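There are 6 protein chains.
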Amino acid sequence: MKVVVKVGGHLFPSRIDASRISDYIVLFKKLKKDGHSLVVITGGGIEARKYIKTARELGGSEFICDIIGIMFSRINARLLIAGLGEDAYSELPTSFEELRKAFEIGKIVVLGGLQPGQSTNAVGILSAEAIDADLFINATDVDGVYSADPDNHRNATKMNIVKADNLLKMVLNKNLLAGSYKLFDPLAIKIVKRSGILTRIINGEDPKNIERVINGEKLGTLVSP
Amino acid sequence: MKVVVKVGGHLFPSRIDASRISDYIVLFKKLKKDGHSLVVITGGGIEARKYIKTARELGGSEFICDIIGIMFSRINARLLIAGLGEDAYSELPTSFEELRKAFEIGKIVVLGGLQPGQSTNAVGILSAEAIDADLFINATDVDGVYSADPDNHRNATKMNIVKADNLLKMVLNKNLLAGSYKLFDPLAIKIVKRSGILTRIINGEDPKNIERVINGEKLGTLVSP
Amino acid sequence: MKVVVKVGGHLFPSRIDASRISDYIVLFKKLKKDGHSLVVITGGGIEARKYIKTARELGGSEFICDIIGIMFSRINARLLIAGLGEDAYSELPTSFEELRKAFEIGKIVVLGGLQPGQSTNAVGILSAEAIDADLFINATDVDGVYSADPDNHRNATKMNIVKADNLLKMVLNKNLLAGSYKLFDPLAIKIVKRSGILTRIINGEDPKNIERVINGEKLGTLVSP
Amino acid sequence: MKVVVKVGGHLFPSRIDASRISDYIVLFKKLKKDGHSLVVITGGGIEARKYIKTARELGGSEFICDIIGIMFSRINARLLIAGLGEDAYSELPTSFEELRKAFEIGKIVVLGGLQPGQSTNAVGILSAEAIDADLFINATDVDGVYSADPDNHRNATKMNIVKADNLLKMVLNKNLLAGSYKLFDPLAIKIVKRSGILTRIINGEDPKNIERVINGEKLGTLVSP
Amino acid sequence: MKVVVKVGGHLFPSRIDASRISDYIVLFKKLKKDGHSLVVITGGGIEARKYIKTARELGGSEFICDIIGIMFSRINARLLIAGLGEDAYSELPTSFEELRKAFEIGKIVVLGGLQPGQSTNAVGILSAEAIDADLFINATDVDGVYSADPDNHRNATKMNIVKADNLLKMVLNKNLLAGSYKLFDPLAIKIVKRSGILTRIINGEDPKNIERVINGEKLGTLVSP
Amino acid sequence: MKVVVKVGGHLFPSRIDASRISDYIVLFKKLKKDGHSLVVITGGGIEARKYIKTARELGGSEFICDIIGIMFSRINARLLIAGLGEDAYSELPTSFEELRKAFEIGKIVVLGGLQPGQSTNAVGILSAEAIDADLFINATDVDGVYSADPDNHRNATKMNIVKADNLLKMVLNKNLLAGSYKLFDPLAIKIVKRSGILTRIINGEDPKNIERVINGEKLGTLVSP
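Protein chains in written order, with the working numbering: chain A, 176 to 400; chain B, 176 to 400; chain C, 176 to 400; chain D, 176 to 400; chain E, 176 to 400; chain F, 176 to 400.
Next up, chain A with everything else stripped away, as it sits in the complex (with noise of 0.2 Å):
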C-alpha cells in the first residue's frame, strides 16, 4: 500500500527526545519491510516557533517566517532519515518534482514543507496526490476532529467520519475565530476533496496508532471526499 504520513510538531518537542523519535523509526522499517511504500512528511515542532518569532521581530515579513518554519521541518526530518539509515532515501526532496523523482527509488522518503503561505499538512496530502498513495493519515496530538474544541465544551465528541465541506466550514469558524486550531488548512482540505484519496485524522502519539490504521482499523475521523 503506499502511504504518506505526516507527523506533527509533538514528535519534535523544545526537549527533542531521542527515544520518542526512535520509535517511529521503528514502526517504519516494519512497514517498509511489511511492503509498504512510505512517505513521511515532518513538521516544525515547538522549536521553530521560537526562531520565527526572533525573525518577526527583526522586521522579517511572515513570507520569510514561513521559511524558517521549513527549514525546522526539514532539520526534524533529517533526524529521521538518520534514524532510518539504509530504509530511507538519503536526501530531502525540496518540490514535488524531487519527491516523485525520489519515489521511483523504492525507499521511505522522509520530505519536511515545501514553500511559504503552506502548511506541512497541505504538503503532505499534495504528496499523496503526487505519488497517488492510497492512504493519508495525518498523525497529531489529538484524537480526530470533535464537534467542537474540546478544550472549551465539555460535550464535545470525536466524529468518526467528516465530509471535506464540513470540515471546511469547520476549520474556517475556528479560524476566523480563534486561530489555533489547525487540523488542517482549506488548501490541505481541498486537496483531499478533489483526489479522494482516503485521509484520516488520528492520535499518533502512539505510533502504533500509524500501523493499525494501515491494517484497516477504523480509528480517529475520516475524512470522506
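Keep in mind that the hints were calculated from the coordinates and are not lab data. Quick caveat: nothing in here was measured; it's all calculated off a predicted structure. In this text, a Cβ means the ideal position worked out from N, Cα and C, and glycines have one as well. A hint or two may mislead.
As the list claims (entries may be wrong) - Which chain C residues stay away from chain F? Per the calculated CB distances, all over 12 Å, these:
hint : residue
1    : R231
2    : E272
3    : E392
Claimed, not checked - Facing chain C, from chain E, some residues (calculated, C-beta under 10 Å):
hint : residue
4    : K204
5    : L206
6    : S236
7    : S270
8    : P291
9    : G292
10   : I300
11   : D307
12   : L310
13   : L343
14   : L347
15   : P361
16   : L362
17   : K365
Following the hints, put chains B, C, D, E and F in place on chain A, whose structure we already have.
Just chains B, C, D, E and F now, with coordinates in the frame of chain A:
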C-alpha cells in the same frame, strides 16, 4: 512603488491575440519607465483547459492536471517576456527563491504558476509578500467583488471594500455550492490578511485600469486585511 | 532492446484527442512488459505554431519561438506520462544528463525538446546516442523517405534504404528550396552517421508499425550510417 | 573594501535574542552605506548541538551531524537577512559558485555552512578567497589568539600577531589533546596562508570592534600568511 | 554594441601560453570599457583531442567524447575568467537560460560548449541569438572563407561576403568529402540565416582584428543571411 | 562490502594511456560482479598542473586554480565512466547530496573533486562517510606511509599501521617544511579519525592490490582512528 500584477486567463483566450497582449506590454514598459518595480503573474488561459481535459481522460491525476495548467501559464509568461524585450528579466522564475533573486536585477519579472494545488492568484499575493510589495493588483474580467454572483442576481452590487475574512466566507460558500466563482481562493485570501498588503481586484480588460490603480484611483474592490 | 521513439506532431493535433494518444500508451506499456527499454520523444504539435506566431508578432526572436515550441513538446510529453502511470518515469528530463540519470531507474522515460536551435528529431537521435540505444524510430506521418517530394512528384518512390550522406544532400536541397520537408535536420543526420545507430523513418499513424519495426520488420526507410 | 565577516555561535545562543542580532544588523547596514562590500558567514549556534546530539543517538553518522549543523547555520543566516531587508541579497548561497554569482549583485550576501567536514571558519576564509576579499574578520567570543588556553593558564597572553604556520601548530596540539579550542581549523589556516588575505581574530561580542578593524585599528590577533 | 566572440582552439594549444591569452584579455577589458557588452565562447583546444582519443579507445561513445570536449572548453573559459578578474561574470553558464540570466548583470560572460552534438560555433551564434546581439565574430586561424580549401588549391581566393545558403553548400560538400574544414557547421549556419545577425569569420590570431571588426572594418568574410 | 577507492594522479599522466586505465576498469567491473558497492574518486592528474600554472600566471587566485584542478579530476572521472559502460552511474555527482542520491541506484559511482580548498583525498574519505562505507582505499604511487620521506632517508621504513593523530603530526611537519608529501591532508585525516572508517594507503600502480585489500590482505599502511 513595488507592484505585483496578476493578469488572468482573459488575456490568453483560445484565439491568442498579439495586439491585445501588446497593450499590456506598452503599459508595463511605461510603468517601469515611471520608476515602478513590477512583477507580473500570468494565468493559464483558455487553451490549458483543453489539454487538462485530455490529461484527465488519459487517467492523469488532478496533480498532473495542475502541472499542465502551470506549463501553459509559463508559455503565456514567455509571450509577455518576448514583447517586453530588454525591460524584462529574460527567464522565468520557477520558485519564490528564484523570484527573489531575479527581482534583485531591477527588471520586470514575469512568471506563471509554481506548484500544483495553488492558483496563480495565490502565486500573485505570495509573490507580493516575497518581494515585500506595496500593492497587489488582481486584473480580472469583472470589475470587482459583487455582493452576489452578478450572473444570477440582478440586484448584486459591486463592493468598494471587503474585509479578507468576509471575502473568504463568500468565496467558500460559492465554492462549496457552485465551484466556478474563483476571484480568489482561500489560500490567497489568507495571505492578503497576514501580509497586510494592499490588494485590489479590478477589471483588467482595459489595461489602463492598472495604471489608474497604481496612481491612486479607487477602482474595483479593495480587499482589506 | 533499448529503443528510442520520436512521435511527431501528428499525434498532437489542434483538436487534441485522448483516444489517439491512448493507442500509443497501450503499445508502450506492452513494449515495456515485453522487456524493452524505451525513451520517447514528443514533438510540439500543431497548437505550438499558434503561440509561436504570436510570439513572433510581439517581437520575440526565433530563439524565444523555439523555447515556446519546446514548452509545448513538454506538455505533450506530460500527456503521455499521465497515461503511462506507473510505467513511466514521472518527471521530464530537461537535459541529456537528466535523461541518463532517469534511464537508470528502468521505466519509460518521456521527454520533449531540450534546447533552441535543435529539432526534436535531433533530440531523438542524440538521446539514442546518450543511452547507447539499439534502435531509433522516427514515427512520422509519411511512410518513409521518398526520392522526391511526393506531394509534387507523381513518380516519387519510397526508398527502402538511404545512406545518411545522401539523405543529408536531399534534405539540404529541399531545405534551401522549400523549407517544409523536415523528416530529419542536418544535425540529426550527422548523429545518425557518427553513432551508427540503426535508424528507421516510418509511418507512425498506426502505432502498431512501431512494434513491427522493433520485431524486425523492414518498414519505412532505413537510414544507414 | 571587500570584507568577509564570520560571526560565531555566540550571536545565536539557546535563548535567541533579537536585540543582540539587531546591533549587528545596524552595523552591517552602516558598513554597506559607507561603501564596503560585505559577505557574512553565520555559525550554527548553541541550539544546533541539541539536535546534533539527538541525531547521533539515533545512529546518524558525523556526516549527518554536520549537515544538521549546516542547516542551523542557515537558519541563523536567515535571521540576519530578515533584519537586513533591502540591503541583503535575499537568498542564501549554498555553494561558492552561488556565492560568486550573488556577490555580483552588489548587496550584503549572508550564508551559513556549505559542506560536511568543514567548519564555518573555513567557509569564511574560502569565501574571502572566492570573492578576492581585502580582509577576513573572524568575530568570536575571545579577544584574539592566546599563547595558551586562557581558561587554564593564568599567564596566557594575547598575541598581536601570529604566523599561520605557528597557529596551525597551536591549534593541532590543542585539537589533539583537548578538542575544544576551535578558533580556526587546519583547513581554514591553510587557506589564510595560501591566499595571503589579511585575517583578524577579534572579540565580536561588541559589534563595534568589527567596524574598528575595518577602519584600520589593530584589534585582536592578526594571522599573517 | 552587443557582441558575441567565438575564440577557437588556436588560442589554447597543447603548450598553453599565458601571454597569448593575455593579449585577448587586455582587448576584452578595453572593449568593455568602451561600452560594449560581450559574450565570449571558448573552443576545446588541442589538449581535448588527446583525452577524447583515450575515451574512444576505452569504448566511450561519440556522445561521451563530446562531453569531454565540452569540459575542456570550459577549462579554457576559466582561464579567460581568471585573467578578466572583476570585468568577467565569475561563473560559467551551462545553458542558454543561465547565459541570459548572467548577461543581465552587465559583465563579460564567458562560456564553453553546452551540449553534445553541437560545435562551439553553434553555441556562439545561438548565444548571439539568445542575447539578441548586434554582431557575432568567429575568430579562427584563417582569415575568412575561401572559394576552395586553401591548403589544396593555389588559386583559392578569400571571399568578402558569402550567403549563408552558399556557405552551407560549401561546408557540406567539404564535410562529406574530407571532414576537416570546419569553419562553421550546418546548425550554426542555419541560425545565422534565421536570426539575421551580422556574422564575420576573421583571423583571430591577432586579437586586434576583433576590435577592428567591432569598429566597422570589413575584415575577413561576412556571412549574410 | 561498501568500498570507496581514491585513484591518484599517477593513473592520469601527461601521456594519458587507455590500456593503463583499462586495467582498473576490468578490476572495478569484477568487484561489482562480486557484489561490492563501489565509489571511485579520481584525482586531477599531471595535465591539470599545466593549466593551473597558466591560470596563476593570468592572475587567477588559488581558488580558481583549485576549480581548474577539480575540472580535470572530473574529466578523468569521465574516462573511467566511459570504460565502465553499463556498470557505472552515467553522470558525475558534484556534491555529496548528489553522490548519496546516485549511490541509491546500485551502480559504480565515479566522481572527481567537489570544492576548492579540499583535496580529492578528503573527498574520498568524506564520500566514505557519506555512504557509510566499510573501507576506504587510497591508491597512490607509494606502498604506504613511511617513517620518513623515502626519497631523502635511506633508513625510512614502511609502517604497517599508523594512528590518525600521528599521521596528522607527520603530515603537518612535512607540509610546513616541504609541502610536497601529500599522502593525506589534515582534513582527510580528521575525517578518518571521527568516522572510524577502516582506511588503507596502498600502492595502486598494480590495480590488483586494490582487490587484495578488499579480500582482507594487510597491504600498505592502515590508518587507525
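A quick look at each hint next to the structure:
no.: 1; hint: R231; in the structure: holds, 36 Å
no.: 2; hint: E272; in the structure: violated, 5 Å
no.: 3; hint: E392; in the structure: holds, 28 Å
no.: 4; hint: K204; in the structure: violated, 28 Å
no.: 5; hint: L206; in the structure: violated, 23 Å
no.: 6; hint: S236; in the structure: holds, 6 Å
no.: 7; hint: S270; in the structure: holds, 8 Å
no.: 8; hint: P291; in the structure: holds, 6 Å
no.: 9; hint: G292; in the structure: holds, 5 Å
no.: 10; hint: I300; in the structure: holds, 8 Å
no.: 11; hint: D307; in the structure: holds, 6 Å
no.: 12; hint: L310; in the structure: violated, 15 Å
no.: 13; hint: L343; in the structure: holds, 7 Å
no.: 14; hint: L347; in the structure: holds, 6 Å
no.: 15; hint: P361; in the structure: holds, 4 Å
no.: 16; hint: L362; in the structure: holds, 5 Å
no.: 17; hint: K365; in the structure: holds, 8 Å
In the structure shown, a violation is registered for the earlier hints numbered 2, 4, 5, 12, in ascending order.
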